[in-house]
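Enquirer: This is what each chain is made of:
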Amino acid sequence: MQARAEPTRQQVRLRGRSYVAFVFCPFVPIVGWLEEIDATLARSPGFFVGKPVVLDLSAVDLSQSAIAHLVTSLEGRNIRVLGIEGVEEAQLTTSMPPLLTGGRHCVLQQTKPEKPEAKPKPTSLLLESPVRSGQSIIFTDGDVTVLGSVGSGAEIVAGGSIHIYGTLRGRAMAGVNGNSAARIYCQRIEAELLAIDGYYQTADQIDDTLRNRPAQAWLEGDVMKITPLN
Amino acid sequence: MAKVLVVTSGKGGVGKTTTTAATGAALAQNGQKVVVVDFDVGLRNLDLVMGAERRVVFDLINVVQGVAKLSQALIRDKRLENLWLLPASQTRDKDALTDEGIGNIIAELRTKYDWIICDSPAGIERGATLAMRYADEAIIVTNPEVSSVRDSDRIIGMLDSKTVKAEKGEQVKKHILITRYDTARASRGEMLTIEDILEILATPLLGIIPESQDVLRASNVGTPVTLNNANSAPARAYIDAARRLMGETITMLVPTERVGLMNRLLGRRAA
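Line by line, the protein sequences give chains U and V. So the first sequence is numbered by the working numbering: it starts at 1 and just counts up by one. So the second sequence is numbered by the working numbering: it starts at 231 and just counts up by one.
The reader is advised that the hints may include incorrect statements.
Among chain U residues calculated to face chain V with C-beta under 7 Å, some are [unchecked claim]: (1) 130; (2) 132; (3) 133; (4) 134; (5) 136; (6) 152; (7) 153.
Just so you know, these hints were derived from the structure itself, not from any lab. Beta carbons are placed, not taken as given, at the ideal position from N, Cα and C, and that holds for glycine.
Make the full structure from the sequences, and use the hints.
Expert: And the structure:
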């Protein structure tokens, strides 16, 4: 027996949906009305772009050619007419937008530009007091600046660079999110450990001649370099 | 205005209890009404240094738990009528202390005394954090050696974050007191210098107490060093420190090696 596959027929589903459209109500003289539209466009050029626009011609009495001319002048201004209201169907040709009926008036809600609720996250952290032994400052969003010293047994962890205007006696870990361009700067280096993007040096590995001097540390490839500043 | 002063250090054996007793006695001698409170529950020492160990009936924990009234636990000093002691319990441990209980006791003491001096236990756990919890001012006792200085740095961090004042956005007024300063070793460069310590801790200095046999001698007889021999070098340093606490300006003297008359005549340096 041969099995025959019945082609399954998709049901056509129709759904209703309503939109709010701008309704243009031209008045005579049409030239003057178009100047008004031009003035609006001059203030905000993109105002009607992508917005549904309906022409309500009940206030004016226009011939078929006049309607066609009005629609093309609007198209010339980048305004696409979705439909026309307030005329006899006989006045419209097939190349014109369709006749619409049954439109209901509604209040246009002035959508205020939403104020960004959450402020953009700060990209740096400033500490105005010394960081004491046992304290751990973790800031993965950017640079950390300390106006003071970082005590032995304290640690600073930063996503970006670390700037210390004092003596660095504790640990400093910069670029923890994989930022290999991060650097560590300090006014006096007596650090227990320096790390950038996972590469680290302990106090033992730091050259003694650098000690007690202003210094910076950065990554060159996968080698940490520490040099005196100025 | 009553002031709550915590004597703390992080590290043990640096001289917190000695400092509490000596400073308390010195303030009382200056006419201030003072109570010294021992927070070292389970390892109490302040009663010994104050010479009051035979008179302890009720203690801090009894008051915290409501077994005794505060007035029953307070012991008046026999030598100074302005000086009182609130002893710790020796049979309990620090878990018996509660934040609320301590808060109530401190609030009650504030109404009766000019100075409430809290002798903190070593460490950074419950006893030490509760001793500093309600402090307005703090003496950080530091020896001129790296471990003590680092522990002091840690304690300063806690004073700036874990106290009621810090939580209200205010600052506990902090003072560094350098104790056991050995003039002979300092002159040989074997200790951290005062400048090094103050540079690391970035906190004002209250005084420098020289290493001295007088301190041990006073402890052994149960008398604060400022009462035992007021003319000894450590006693004078403590008395100056107490007056600085009261707001007086007194020149800071760095103890130097005292050269005896004979040695000076002979042009020799003391060993």
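Enquirer: Hint by hint, note whether the structure agrees.
Expert: Now for the hints, and whether the structure bears them out:
Hint status for residue 130(U) relative to chain V: holds, with the closest Cβ pair at about 5 Å, below 7 Å. Look at residue 132(U): its Cβ gets to within about 3 Å of chain V, closer than 7 Å, so that hint holds up. For the restraint placing residue 133(U) at the interface with chain V, the shortest Cβ-Cβ distance is roughly 4 Å, inside the 7 Å limit, so the hint holds. With a cut of 7 Å, the hint placing residue 134(U) at the interface with chain V holds, because the nearest CB-to-CB distance is about 4 Å.
The beta carbon of residue 136(U) is not positioned within 7 Å of any beta carbon in chain V (closest approach about 10 Å), and the interface hint is therefore violated. Evaluation of the residue 152(U) hint against chain V yields a held restraint, the C-beta minimum of about 5 Å falling below 7 Å. The closest approach between the C-beta of residue 153(U) and any C-beta of chain V is roughly 6 Å, which is under the 7 Å cut-off, so the hint is satisfied.
In terms of the numbered hints stated before, the structure departs from hint 5 and from no other.
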